[in-house]
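Given only the sequences and the hints, what does the whole structure look like? Please build it.
Each chain is listed here by its residues.
2 protein chains.
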Amino acid sequence: MGDRPISSAVIKRLPRYYRYLQELNQEKMERISSEELSRRMGVTASQIRQDLNNFGGFGQQGYGYNVNYLQTEIGKILGLDKTHNMIIVGGGNLGRALAGYTQFENRGFVVVGIFDANPDKVGTKIRDNVVRPMEELEDFVAKNEISIATLAIPKQPAQKVADRLCRCGIKAIWNFAHVDLKVPKDVYVENVNLVESLMQLSYQLNKDRNRD
Amino acid sequence: MGDRPISSAVIKRLPRYYRYLQELNQEKMERISSEELSRRMGVTASQIRQDLNNFGGFGQQGYGYNVNYLQTEIGKILGLDKTHNMIIVGGGNLGRALAGYTQFENRGFVVVGIFDANPDKVGTKIRDNVVRPMEELEDFVAKNEISIATLAIPKQPAQKVADRLCRCGIKAIWNFAHVDLKVPKDVYVENVNLVESLMQLSYQLNKDRNRD
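Heads up: the sequence lines are chains A and B, in that order.
Using my numbering, you'd call the opening residue of the first sequence number 2 and step up by one each time.
Using my numbering, you'd call the opening residue of the second sequence number 2 and step up by one each time.
As the list makes no split between identical chains, a pair holds if one copy fits it or if it spans any two.
Below, simulated BS3-like cross-link-like pairs (lysine-lysine); rule was C-alpha separation at most 30 angstroms, straight line: (1) Lys13 - Lys156; (2) Lys208 - Lys83; (3) Lys126 - Lys161; (4) Lys208 - Lys186; (5) Lys29 - Lys183; (6) Lys208 - Lys172.
By construction, these hints were calculated from the structure, which means they are not laboratory data.
Next up, the structure:
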């Protein structure tokens with residue numbers, strides 16, 4: 002497994018497989034055919050087979066997929082079999098919401114530190130975390146095993162903060178700032194641009210209105 | 002313009018063009034070649050030309066693109082030349098963060114109502130909005146011109162709420178619940194699954210660790 006690079010489109014679909022398999026598992030379903038999985042997920046059985054073949058298959062002819070095994074294996078590929086410590090930079094509305102979101106912890110993403118440049122926010126509490134000053138960032142990252150840093154700050158300071166994070170060894174940045182970050186090749190950035198997501202909806206609404 | 006269907010990949014790239022053009026506009030740049038835009042955006046000039054050709058081009062040979070004109074036109078395509086009233090269902094951490102996010106309003110997405118099923122939350126204030134009980138949903142949508150409904154609720158109640166929204170004429174749902182909603186064909190759903198977004202990062206971290 003793993004010499005061929007797997008397309009990012011397949012990687013993006015894996016969490017959805019994981020979610021459906023988890024639901025099947027909760028329904029106590031032991032095995033499922035690619036046809037039945039295809040019906041539930043609304044994608045073709047051939048796409049399912051192709052996608053899962055990237056990882057060595059998991060399916061057996063005439064048996065289908067073992068639900069529990071497949072969920073576990075996809076979980077391992079996604080790195081969900083271990084805990085990821087996460088920090089959040091930005092203690093505003095968004096940072097607080099992310100810090101308060103229990104679903105991340107259920108999946109092994111644990112917020113262990115929150116940072117803000119605003120002295121008024123430093124010292125306030127969000128769930129179990131006290132907001133720390135930005136000056137403590139490097140020291141905190143050095144002393145705790147942080148694998149993911151979340152940027153919940155405006156675009157203007159985002160690149161500078163990303164530079165600091167990269168310098169102290171962070172390899173994964175979850176970026177909510179509306180800017181394309183420049184980072185070294187071995188650092189991964191996952192962008193969540195909420196405004197651009199809304200624009201997809203306004204595009205659709207607009208298109209339909211033009212058609213009328 | 003408009004007879005050929007435009008691929009969703011192109012539509013997904015349009016907000017990024019819009020963002021870069023806005024920045025160029027703020028820098029008072031009047032025109033830009035596809036080569037220079039390509040350098041800034043980190044995509045090929047030929048992709049830029051191809052993407053923008055979907056909408057009739059906008060470029061002139063030997064002149065490049067008029068920044069202001071191109072931004073305006075892409076804005077119109079994305080429906081950003083008008084205001085979109087939005088409601089949020091769910092007054093928890095996430096709903097409150099979304100309601101408090103001023104950037105949406107800057108782009109014409111205005112939160113005019115927030116709803117929650119929990120009586121403890123009803124009546125509390127988030128910026129200019131008072132959280133309303135779910136019973137008022139249909140009446141509120143009927144009386145206000147709502148174009149987008151945001152679901153900031155857990156997956157269990159999400160489908161039922163989506164059904165109610167579709168019945169009262171909502172055509173665009175911004176879905177943060179971790180579930181694939183079933184909706185009529187003329188209703189658009191844009192999913193934001195934060196946990197699955199995090200999984201893209203843990204996949205990358207995991208892949209690199211396996212390689213070591």
